[in-house]
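Participant: Residue-level listing of the chains:
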Amino acid sequence: MRRTPTAVGAATAAGVALSLSACSGQTGADDGTLVVTDTMSATSAPVYEEIYDACAADLGLDVRANHVAGSGLIATVLQQASSQTLPDVLMLDNPDVQQIASSGALSPLGDYGISGAGLPQGVLDAGTYDGALYGITPVVNSIGLFYDARALAEAGVEPPTTWDELRTAAAELTTEDRYGIAFSATNSFEGTWQFLPFLWSNGAEEDDLASPEAVEALELVDALVEDGSASASVVNWSQNDVNDQFIAGNAAMMVNGPWNMPSLEAAEGLEYASVPLPVPAAGDTLEAPLGGEAFTVPDTGNPEKMAAAGAFVDCVTAGENQLTMATGRGAVPADSAVAAEAARQNPTIATFVDTVQTARARTALLGPDWPQAATQIYTAEQLALTDTESPAEALERVAAQD
Amino acid sequence: MTTTLAAGPRGAAAPPSSPPPTRRRARRRELTAQWLFLVPAIAYVLIFFGYPIVKNLVMGFQDYSVRTFVTGEAPWVGLANYAEVVSSGIFRTTVVNTALFTLGSIAGQFVIGLLFALFFKRRFPLNNVLRSLLLLPWLLPMIAGSAVWRWILDQDGGILNETLQGIGLIDDPIRWLTSPDIALVAVILVNVWVGIPFNMTLLYSGLQNIPDELYEAGALDGATGWKAFWYITWPNLRSVVNVVLVLGVIYTLKVLDIILGLTGGGPANATQTLATDSYRRSFQEFSFGTGAAVSNVLIVVSLVFAVVYLRANRRAEEE
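As they're listed, the protein sequences go chains A and B. Residue numbers for the first sequence follow this note's numbering, beginning at 1 and rising by one. Residue numbers for the second sequence follow this note's numbering, beginning at 1001 and rising by one.
So here's chain A without its partners, still in its complex pose (with noise of 0.2 Å):
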């Protein structure tokens, strides 16, 4: 049986923001170190170092990085708030930026002189909130469809760039022992990012999920699990799980982001290449959500501190660094200019670079409203994948939830 005190989980939370306030003061270090916190893996994270070693030295600064786990973040992050520790940079999941800078936790770039000049209105926009820039994400990343060329090619079938393509190559793509296509529709915001580019390409907004077109885009994927060409278990796929599956040679094709690059190149004997996501007809211009991590400033009341903080944000963040971290991590530089150059240098990664230049931020249009929207956006997908629902009754029912 069960012994974590899971059902006060909010109320631990709480408690434990609240004593650790007694303790302030003790990551904000006083000896001028400027600390960054950031949620690079082992593997990224030497990446990053060197980049932050070479703005520290240049400023004249002393940085001490802090790495953690990009799932507990957002409850550090609030613990710090309450208790007065927040770092002096701080690195947050993009949609998470204008979330916490409505809290006032954050300070604006503006401040030191950073405007975000050069990056794509989607960047832009999941930093900005109510007006200013909080946030800049010197990579970002989309999703795709990746491929397998092998099974393309033996089956004759050329890689979808419109809904009816993809419906029908996945269809014939479809054997005995593999399914056409694979996607995440999972019971979380990773199944609403997934679904997101059929959302929006479609013209469909997440504040009116009853519209027609937003009924076209659940119908789109609901008949990918109807005609068999996708698994039913998509609704309890993570994207690392659809990934998996695509290795294992389990789908002709996935629905996924150029972060599993690295883990594909390593699979033995997979001939993998990737295109934008198809849209709805020949010549529609495809929509897809933007990831990323955003470098943000706190607000510590130091303003000495936050004037170094800015600068050295302004410095990480700058074109020769996005180059750097893009080919450290498989992603693509923010800057227009520079992701152009990261395609030329990199082909692999020229599906996202594209991508990435339309792709839009998920808080631009509801701003901290987001999660409500993303939840419904993942019922109403489960909802119709499950047969529980017709698209269009799915999302009626959950748009009717406000």
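No lab work stands behind these hints: they were computed from the structure. Positions of the beta carbon are idealized from the N, C-alpha and C atoms, including for glycine. Honestly, I wouldn't trust all of these hints.
[As the list claims (entries may be wrong)] Partner residues aside, some chain B positions facing chain A, computed with beta carbon under 10 Å:
1) Gln1165
2) Gly1168
3) Leu1262
4) Ala1268
5) Thr1271
Based on the hints, put chain B in the right spot on chain A.
Facilitator: Below, chain B without anything else, positioned relative to chain A:
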């Protein structure tokens, strides 16, 4: 009988009204000492149990959001959080799911646990080894356990479906975790597996406490087999059964990790319980006020069962 009757009135009329000063001082010192011994325990309970629960109750009446952590402001909203929770479409689903999950898990765990306990009461080779092995689910980290169960229950290549198809019990794979009609059953099955060792261990120790003489005497009167169970085992085990059931309910109500690991509350909220909904509201939507409101509902339900447990326990001690 007579002594107690006599002691009452005499005690009441006795000296306490005018004790000599030295005795009073000694008495006060003794009282202080008693309190000093109690202080650590009381402080511990207040800080680690009282404060979080009171805080959670209060949060349920506040607009407690991300902003609160920065500004410290949590506006009082009265019953608005509860109104939002109860009127949301998911509330009915979570209450029904929580009830089904708890009842199903308890029934399965208890019956199987009792059967195992009765089985291991017999003496046979390797008894102790087998009994220790049965504790394994209890020792396994739940996240690891649920990851393995996800493979076992996988629709397309999971070993359970492969086996059932192999022996011809089913024709088409069962959508254990992806069909809204079946997912709750699958999650209950896994939770039963987790709970069997707990039930077995407590019931087994309860069985050990029933003296063999009772069975020997019963056997002379013709009480063997099923009759022995019904007239000797069950009545003697009753107090342990009460404790096992009530603790089981409290533990099961708050199960979170198994569900998050297996289905994340899906598909289509088919396995969403009050516990997972509270977690979702608080830590995914950062709506700590409504999350606290949901967990307050859980706390009240658990509290009711906790009172039942305490009473059952007291009765067990009296017996």
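Participant: Confirm or reject each hint.
Facilitator: Evaluated hints:
1. Taking 10 Å as the C-beta cut-off, the interface hint given for B/Gln1165 is violated, the closest approach to chain A being about 14 Å.
2. Hint status for B/Gly1168: violated, given a least beta-carbon distance of 20 Å to chain A, over 10 Å.
3. Because the beta carbon of B/Leu1262 sits about 8 Å from the nearest beta carbon in chain A, less than 10 Å, this interface hint is met.
4. Annotation: B/Ala1268 was flagged as interfacial toward chain A, and the flag holds, the nearest CB pair being 4 Å apart, inside 10 Å.
5. This hint holds: B/Thr1271 has a C-beta 9 Å from the nearest C-beta of chain A, less than the 10 Å allowed.
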